[in-house]
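There are 2 protein chains.
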Amino acid sequence: MDFSVVEVKEDVIRRNDDTEDKLRARLKDKKIFFLNLMASPGSGKTTLLLALLPKLAEKYRIGVLEADIDGAVDAATIATKLGLQTLQIHTGGACHLTAQMVEDALEEFDTDKVDLIVLENIGNLVCPAEFDTGANMNLVLLSVPEGDDKPLKYPLMFQVASAVAVTKLDTLEVFDFDFDAFEKGVKKRNKDADIFKVCSLSGEGIDELASFLERKIDSQIK
Amino acid sequence: MDFSVVEVKEDVIRRNDDTEDKLRARLKDKKIFFLNLMASPGSGKTTLLLALLPKLAEKYRIGVLEADIDGAVDAATIATKLGLQTLQIHTGGACHLTAQMVEDALEEFDTDKVDLIVLENIGNLVCPAEFDTGANMNLVLLSVPEGDDKPLKYPLMFQVASAVAVTKLDTLEVFDFDFDAFEKGVKKRNKDADIFKVCSLSGEGIDELASFLERKIDSQIK
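These protein sequence lines are chains A and B, in that order. Numbering-wise, the first sequence is residues 1 to 222 according to our numbering. Numbering-wise, the second sequence is residues 223 to 444 according to our numbering.
Each hint should be verified, as a subset may be incorrect.
To be verified - For lysine to aspartate or glutamate, the following EDC-like pairs were computed, each having C-alpha atoms within a straight-line distance of at most 16 angstroms:
#, chain 1, residue 1, chain 2, residue 2
1, B, 410, A, 218
2, A, 188, B, 292
3, A, 30, A, 130
4, B, 335, B, 280
5, A, 197, A, 183
6, A, 55, A, 218
Unchecked claim - Which stretches of chain B does chain A cover? Using the computed rule of at least three CB atoms under 8 angstroms from a CB of chain A, they are:
#, stretch
7, 245-257
8, 384-395
No lab work stands behind these hints, which were simulated from the structure alone. All C-beta atoms in this analysis are idealised placements derived from N, C-alpha and C, irrespective of residue type, glycine included.
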């Protein structure tokens, strides 16, 4: 059976200023690299940070911004388990973060004590992609259980990603995930995106991702 | 180590009209029940529909609205596998659907031929919850791999849910999921929400969910 396609559109008022560039310039002056981590809810952002940040912490002083609509589960986890400077950002219901919101948050953050700021953005594969947070790099996660077709459905997120990591590799025994189809989908949106495969629980692939990030960070802060 | 909490907020311009009530009244006159299905990307919305709708189709004439930012993967699946009237809605990047957008879409839809309209909303645990689509009922899915803490992080979605179904029950062998904690989180947001446990692949729990929906549908259209 066939089906029809209809386009419906809502007017969206967008801000157009240079807050994001000013923030990037300010952080560059301070020799700070700003990494924006984006993904769906439950795709393993916090669990990846628990595996990844101890490796990066051997080389850099790290601070973490945890953005959520409500709650502080992840900030508590990061602060308790990793002992890093951690700030919980509540967006008051907003589905994304803007550079201005990051600016406001950083007023409560000691930027003199970090070389690397990691923002764990709101769990959402749509809205966060629409806003430049002022980050130097967007790292997008997609977990195996979410399925390999997501670049087709959420194009902008994969378009703005500098790198994509497929998480929860250990669940391949129970989920079908076609890596070729996924890579094709990602490359259709962004031919330059690097793709990683990781399992945060076993540590598989974490070293490769950490090395990649180190090269990106060093090119900014050294 | 402790962490700070900072509130940042973006201004959002909201429309305030009665489109949703007019749509609901119009569908009620036509004896149509409108079900809005919401969840994260990859939580199993389409797979649930493949298991659930054949049961409901024994009793009702069903039409499906598939909302996506781009692509038509799910509409193709529903139309091909179930042979139901299916309409793909593209939101032009928007992260949610409003009642006005549904109204616009329904102009391309034959409402004389259905008793039940199912909207598969954009995969997003944040924005769709903020907008009344004109539906009679919101069914929210959360898959086991996403984790039991989501009602804490995405409060509005669980607040507006009439019912919540935990999907991918078959993955409990590889994921920890504390149903008591989850239920407690849901009830904190919405003490009246009914909670179901399903596995769309094995069919576990589908009959119970179908019976529940039948009671809701019959109360509207009979």
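Okay, the hints, checked on the actual structure:
no., hint, result
1, B:410 to A:218, "45 angstroms, violated"
2, A:188 to B:292, "13 angstroms, holds"
3, A:30 to A:130, "26 angstroms, violated"
4, B:335 to B:280, "15 angstroms, holds"
5, A:197 to A:183, "11 angstroms, holds"
6, A:55 to A:218, "15 angstroms, holds"
7, 245-257, "violated (count 0)"
8, 384-395, "holds (count 4)"
Comparing the model with each earlier hint shows violations of hints 1, 3 and 7; every other hint is respected.
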